[in-house]
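Participant: Single-letter residue listing:
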Amino acid sequence: METHKAKRVEIIIESALESRLTDAMRKAGVTGYTVLPVKGGSGRSGEWSRSGQVSRGSGMSSVVCLIKPERLDELLDAAFAVVKPHIGVVSITDAEVLRAERF
Amino acid sequence: MTEILELAAGNLISPIILSFVLGLTAALARSDLTIPEAVAKGMSIYLLFAIGFKGGAGVAAHGVDTTLVLTLVVATILSFGLPFIGYALLSVMSRFDTIDKAAVAAHYGSISIVTFVAATSVLQAQGIASEGYMVAAAAVMEAPAILSALFIVARTGGQSSGTVDAGLYREILLNGSIVLLVGSFLIGAVTGEDGLDTIAPFIIAPFQGVLCLFLLDMGLVAGRGLRESRGELGLGPVAFGMLMPLIGSAFGLIGALLVGLSPGGAALLMTLSASASYIAVPAAMRVALPEAKPSIYLTLSLGVTFPFNLTVGIPLYTALSTALVGG
Chain H
1 METHKAKRVE IIIESALESR LTDAMRKAGV TGYTVLPVKG GSGRSGEWSR
51 SGQVSRGSGM SSVVCLIKPE RLDELLDAAF AVVKPHIGVV SITDAEVLRA
101 ERF
Chain L
1 MTEILELAAG NLISPIILSF VLGLTAALAR SDLTIPEAVA KGMSIYLLFA
51 IGFKGGAGVA AHGVDTTLVL TLVVATILSF GLPFIGYALL SVMSRFDTID
101 KAAVAAHYGS ISIVTFVAAT SVLQAQGIAS EGYMVAAAAV MEAPAILSAL
151 FIVARTGGQS SGTVDAGLYR EILLNGSIVL LVGSFLIGAV TGEDGLDTIA
201 PFIIAPFQGV LCLFLLDMGL VAGRGLRESR GELGLGPVAF GMLMPLIGSA
251 FGLIGALLVG LSPGGAALLM TLSASASYIA VPAAMRVALP EAKPSIYLTL
301 SLGVTFPFNL TVGIPLYTAL STALVGG
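From first to last, the protein sequence lines stand for chains H and L. Just so we're aligned: the first sequence equals residues 1 to 103 in our numbering. Just so we're aligned: the second sequence equals residues 1 to 327 in our numbering.
One chain only, chain H, in its complex shape (with noise of 0.2 Å):
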C-alpha cells in the first residue's frame, strides 16, 4: 500500500493553554488534531498526578497533529509563541499516512 511522508507534532501543554493551542494552530493552517489528557508525569516542576488536581489550571493535555513536512516550520512557530512561557514539551517525530490530501 502507498503511504506518504508526513510528521507527527506532539504538544504537552498546560489544560489552561490548551484552547490557546488549538487556536493558534488552526490560525496557522492545521485542519485536524487530537486533545488527549494526561495522567501524571515528571518533568522540572517536578512531580504531579491528574489524581491530585483540583484545578483546571494544574492539570495537562496533549495535543497531537499530523501534517505534511513542508508546513512543519508554521506551525511550530505558531505552537511555540503559546508554549514557551510556560511549562510543555514539544516533539516532532517521522510518520508515514496512508492517505495525504488528509493532511
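It should be emphasised that the hints constitute simulated quantities derived from the structure, not laboratory data. Just so it is clear, the structure is predicted and the values come from calculations on it, not from any experiment. Be a bit skeptical, because a hint or two may be false.
Said to hold, decoys possible - If you only want the chain H side, here are some residues facing chain L, beta carbon under 7 Å, derived:
| no. | residue |
| --- | --- |
| 1 | Glu14 |
| 2 | Ala81 |
| 3 | Pro85 |
| 4 | His86 |
Where a beta carbon is used, it is the ideal one built from N, C-alpha and C, also for glycine.
The hints should help you fit chain L onto chain H, whose structure is shown.
Facilitator: Chain L only, in chain H's frame:
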C-alpha cells in the same frame, strides 16, 4: 471565649471536618485512596447547583432590598482590596519575588466556594439564618482579585511573559463555577419556594453526605499537595496562610457591620473574605502570570488556609459574628 472554644470543638467533630481529616491523613500516609476525577467533578457541580438554588430561593422568599446591592458592592471592594494587603504582608513575611507575591495575593482576594459551602452547612447545623444573596456575593468576589494582582505586577515593574487578553477575561468571568452558581441562583430566585420544594429531595436531603465525600477528596488533594511541596514554603509564608484569613475576616466583619447584615450573613462574608481560591485563580494565573509557582500559591491556599478555615476559622467567624453583629 469559652463559647468560641466550645463551638470550635463541636465543629471539629462534625462529619464534614472528620471526612476532610480522613482524606488528609490518607494522603499524608501515602494511601492509594482516590476519588475518581469524574465523581469529584460531579459532586462539585451538585454542591454549586444546590447552594446557588437555595440562595436564590431565599432571595425569592425575602425579596430584594438595598442591603443586597450594598453587600455586592462591599464584596467587590473586598475582593479588589484584599490582594493589596496580602501583597504588603507577603513583602514582610516571605522572600517571594514580585510575581509570586502577586499571584498568592490574588488567591487571597478571591474566594473558596467549598469553604463557603462548609460555612453555610455549619450555620445551618447551628440554626443561624443567613441572607440567601450571599451566594451572589461569593460569585462577585471570584474575579476582581485577579485584576488587582495584575495591577500590582504592572505597578511594581514585575516582568511576566503571560497573556492578558480578552480570552482571559472571558475565562475569568464565565468560569464554569461562576456560571453554575449564578445560573442556579437565578433559577432559585425565579422559581422560589415552590421550585425548591419540587427538587428538595435532591438538593437538600443528600447535601451533607455529598459535602462529606467532597471534603474527603479535598483532604486527599490537600494532603498530596503538602507532601509534594515539602520544603517549598518557609515558616513565614505558612504563618501568612493563617494570618491573612484572620485579617481578611476582620475586613469582612467591618463590611458586614457597615451594610447591616445578619449574624449569619456576617459570618459568611467573613468566611468569603478569609478564604483563598484554588480553582478559578490558579487557572487564570497559569495564563496571566506563568512564572508564578503553583507549588507556592496552591500549597498555601489549599494546604494551609483551607484546613485552617475549616477547623479554626469558620467556628471563630461564626462565634464572632454572633457576638458582635446584632441579630
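Participant: Which constraints among the numbered hints does this structure fail? Numbers only, ascending.
Facilitator: 2
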